[in-house]
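2 protein chains.
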Amino acid sequence: MNETKNWMKIENRNLTTAAGFQAVGLHCGLKKEKKDLALIYSGINTAAAGVFTRNLVQAAPVNLCRVRLENPIRAIVVNSGNANACTGERGQTDAEEMAAAAAEALHIDARQVLVCSTGVIGVPLPINTVKEGIKAAAVGLDRGPQFDTDVAEAILTTDTSIKQSACRCAVPGAEFHLAGIAKGSGMICPNMATMLAFLVTDAKIERTLLQALFNEATDDSFNLITVDGETSTNDTALILANGAAGVEIEKKGELLRTFKEMLNHVCSELALQIVEDGEGLTKLITITVTGAPEKSGARMMARTVLNSPLVKTAFYGEDANWGRIITALGYAGVDFAPGRVDIFIGPYQVAADGCAVSFDEVKMKETLGRRNISVLIDLKSGPVEVTARGTDLSHEYVNINSSYRS
Amino acid sequence: MNETKNWMKIENRNLTTAAGFQAVGLHCGLKKEKKDLALIYSGINTAAAGVFTRNLVQAAPVNLCRVRLENPIRAIVVNSGNANACTGERGQTDAEEMAAAAAEALHIDARQVLVCSTGVIGVPLPINTVKEGIKAAAVGLDRGPQFDTDVAEAILTTDTSIKQSACRCAVPGAEFHLAGIAKGSGMICPNMATMLAFLVTDAKIERTLLQALFNEATDDSFNLITVDGETSTNDTALILANGAAGVEIEKKGELLRTFKEMLNHVCSELALQIVEDGEGLTKLITITVTGAPEKSGARMMARTVLNSPLVKTAFYGEDANWGRIITALGYAGVDFAPGRVDIFIGPYQVAADGCAVSFDEVKMKETLGRRNISVLIDLKSGPVEVTARGTDLSHEYVNINSSYRS
Chain A
1 MNETKNWMKI ENRNLTTAAG FQAVGLHCGL KKEKKDLALI YSGINTAAAG
51 VFTRNLVQAA PVNLCRVRLE NPIRAIVVNS GNANACTGER GQTDAEEMAA
101 AAAEALHIDA RQVLVCSTGV IGVPLPINTV KEGIKAAAVG LDRGPQFDTD
151 VAEAILTTDT SIKQSACRCA VPGAEFHLAG IAKGSGMICP NMATMLAFLV
201 TDAKIERTLL QALFNEATDD SFNLITVDGE TSTNDTALIL ANGAAGVEIE
251 KKGELLRTFK EMLNHVCSEL ALQIVEDGEG LTKLITITVT GAPEKSGARM
301 MARTVLNSPL VKTAFYGEDA NWGRIITALG YAGVDFAPGR VDIFIGPYQV
351 AADGCAVSFD EVKMKETLGR RNISVLIDLK SGPVEVTARG TDLSHEYVNI
401 NSSYRS
Chain B
407 MNETKNWMKI ENRNLTTAAG FQAVGLHCGL KKEKKDLALI YSGINTAAAG
457 VFTRNLVQAA PVNLCRVRLE NPIRAIVVNS GNANACTGER GQTDAEEMAA
507 AAAEALHIDA RQVLVCSTGV IGVPLPINTV KEGIKAAAVG LDRGPQFDTD
557 VAEAILTTDT SIKQSACRCA VPGAEFHLAG IAKGSGMICP NMATMLAFLV
607 TDAKIERTLL QALFNEATDD SFNLITVDGE TSTNDTALIL ANGAAGVEIE
657 KKGELLRTFK EMLNHVCSEL ALQIVEDGEG LTKLITITVT GAPEKSGARM
707 MARTVLNSPL VKTAFYGEDA NWGRIITALG YAGVDFAPGR VDIFIGPYQV
757 AADGCAVSFD EVKMKETLGR RNISVLIDLK SGPVEVTARG TDLSHEYVNI
807 NSSYRS
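Chain order of the listed sequences is A and B.
So the first sequence is numbered by this note's numbering: it starts at 1 and just counts up by one.
So the second sequence is numbered by this note's numbering: it starts at 407 and just counts up by one.
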């Protein structure tokens with residue numbers, strides 16, 4: 001624990017760490033054997049905030065969540081194995097039925113239920129299977145807190161590991177918590193592109209403030225990771241705040257700063273876990289763009305470099321190919337002075353003022369042989385710094401994404 | 407020959423088919439053994455037009471060409487094996503020295519010489535080697551027309567084949583020609599990203615008209631192909647018109663229409679040859695976006711689909727994965743109605759109004775097993791149609807681009 005922080009990470013990453021929340025994950029039959037349905041429930045009303053995919057093609061559940069976010073939310077129901085995307089009007093009806101089934105089983109209003117789906121695109125949802133699963137999950141809730149790994153597992157598709165993060169903060173006479181789970185490992189399930197994240201907190205926080213803080217935290221975490229540059233039809237991150245801890249986060253003050261730090265921490269941890277599970281990854285690449293005049297341009301430059309197939313294959317091949325990095329910067333659509341750019345790979349400078357710098361090939365080979373590779377790009381044109389994370393492009397990525405249906 | 411055309415393709419694709427042009431390609435020593443220097447020369451002044459990379463990082467020769475395009479050009483000197491990019495002030499001096507050496511050897515003004523380079527980024531040009539090569543090339547010109555394959559070869563880097571196209575048009579009492587060569591096979595030479603094209607015609611045509619026609623022709627050819635979505639630091643396409651045929655192309659009339667057709671033909675043929683030589687290609691993918699309200703959006707959508715790693719790996723795996731196609735359309739940054747989109751792969755419809763259509767898996771397997779795959783995307787929202795070409799993403803692409811230096 002950092003001594004300047006007045007909050008701490010916790011090992012028990014269960015969503016139910018946050019008071020008043022219950023959660024269940026189980027197998028309902030959308031997948032062959034693995035868990036494929038999760039239900040997250042709050043005994044009291046919550047303020048909800050969410051961020052959604054910017055893809056113009058949006059799955060039915062995304063549309064539903066967007067509209068309902070203003071309501072006092074009580075539950076989120078999530079299925080994996082089917083994205084309920086490109087499913088037309090029937091998709092919309094199915095999403096509503098999922099919410100209605102959860103509402104009935106939990107004795108709440110259907111408008112208080114959010115819905116998420118992830119899996120194959122373009123295949124109608126087997127809605128009866130899902131409804132049976134929801135009933136079983138609601139019964140499961142009565143059995144008390146479940147193992148959170150079940151819930152974290154139930155939202156996965158081709159992920160190879162669960163993603164969780166949690167922290168707590170003690171204040172005089174009380175303690176509040178923030179916990180989250182996520183899924184994503186690139187363009188997932190063979191037909192699919194999805195990142196999902198669910199966070200819960202027992203702090204009390206007004207909805208519009210929660211949304212503003214969540215926007216900022218997701219921009220600096222989930223929106224700074226990339227596996228293959230594909231924006232999905234289902235991307236959704238949701239946060240629920242139920243106030244059960246008896247602590248209120250207000251618009252100003254120390255507690256707001258603490259809550260922001262906790263939120264940034266959990267979002268960043270989950271984002272990092274997603275990249276680390278990136279499809280076919282052999283290298284985790286961290287790009288820092290520094291000396292930038294402003295943030296959105298720096299962000300765009302970092303992401304463009306991380307999405308360049310030539311940069312990605314170069315790192316896969318352990319090649320210090322800075323020419324590909326500066327080329328990608330040049331087509332990022334952001335104005336900058338190429339003749340000022342310095343580039344470092346690991347601790348070694350490879351370019352100064354846009355021109356080559358000779359470096360020790362042996363030491364560089366050692367640096368590039370590691371799993372974690374950091375690149376520093378200094379534009380020497382301003383005070384802003386942005387760090388983004390991505391993966392290399394490996395034979396295994398091609399294997400994973402070309403082997404479906406064949 | 408199409409009967410409605412009054413021009414025809416010709417088998418002799420030599421640049422010197424166009425009267426008054428001479429060309430030489432030879433080995434000067436930038437590469438180990440292969441030809442690496444080309445000189446294209448006109449005995450009389452030409453009007454020149456050019457289009458250049460939109461990458462913010464631009465090689466020294468690109469800057470030189472851009473400024474000199476207004477002059478009455480007499481020669482183009484091209485080297486391969488070194489891009490003269492990210493080489494600072496020395497690079498600019500080297501580019502000027504290349505032009506000066508050519509001017510001296512050809513007894514013309516240095517301002518009448520254009521310069522192109524392609525190859526490794528960030529390494530200073532061995533200028534003396536290049537200057538010796540230029541002298542030898544100028545001597546070679548005196549020996550009369552050379553084999554054009556030498557010239558087409560001398561501009562290549564990792565290309566596996568030369569790219570040429572030519573046509574002629576007979577008019578009462580005269581005949582004029584248009585011939586071109588190109589290079590490119592994705593991000594080329596290990597450190598490099600380059601497409602070069604050189605066209606010559608013996609028709610007479612005023613410079614600003616030539617530039618306007620060339621802009622249009624390159625937009626509909628070179629700007630509609632993609633191998634890996636990378637925009638290079640050196641991309642250059644140049645056309646020279648010397649009027650030696652005694653035929654003038656004016657701003658209106660039948661001859662303008664004919665010249666446009668010839669120009670579109672040669673640019674499209676060269677562009678197709680570049681894609682067909684795409685790095686690691688196992689499938690040539692042709693995407694037609696039809697029913698679009700306007701061209702620039704349709705172009706962007708076609709290119710976004712062709713650059714999607716998931717679409718590319720799906721075709722590599724012979725998977726009719728239309729969900730990935732509609733997902734890429736959704737993040738292309740162009741407004742459209744997902745619920746109206748029809749998608750066909752080969753002759754088979756796979757999506758109607760944005761939802762799945764069942765198709766014959768056996769017949770689809772046969773279609774996807776072929777080298778050439780066509781995809782039709784009908785937005786059903788307007789009269790515009792655009793066709794773009796790209797490649798799949800194969801293990802071989804990863805091999806080629808990860809194996810340098812290692």
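No lab work stands behind these hints: they were computed from the structure.
Warning: the hint list may mix true and false statements.
One side only, chain A facing chain B, incomplete, derived with CB under 8 Å [stated by the list, open to error]:
hint, residue
1, 29
2, 57
3, 88
4, 222
5, 264
6, 313
7, 327
8, 336
9, 372
10, 376
11, 398
Every residue gets a Cβ at the ideal spot worked out from N, C-alpha and C, and that includes glycine.
(request) Give me the numbers of the hints this structure contradicts, sorted from smallest to largest. (result) Hint check: 1, 4, 5, 9 and 10 fail, others pass.
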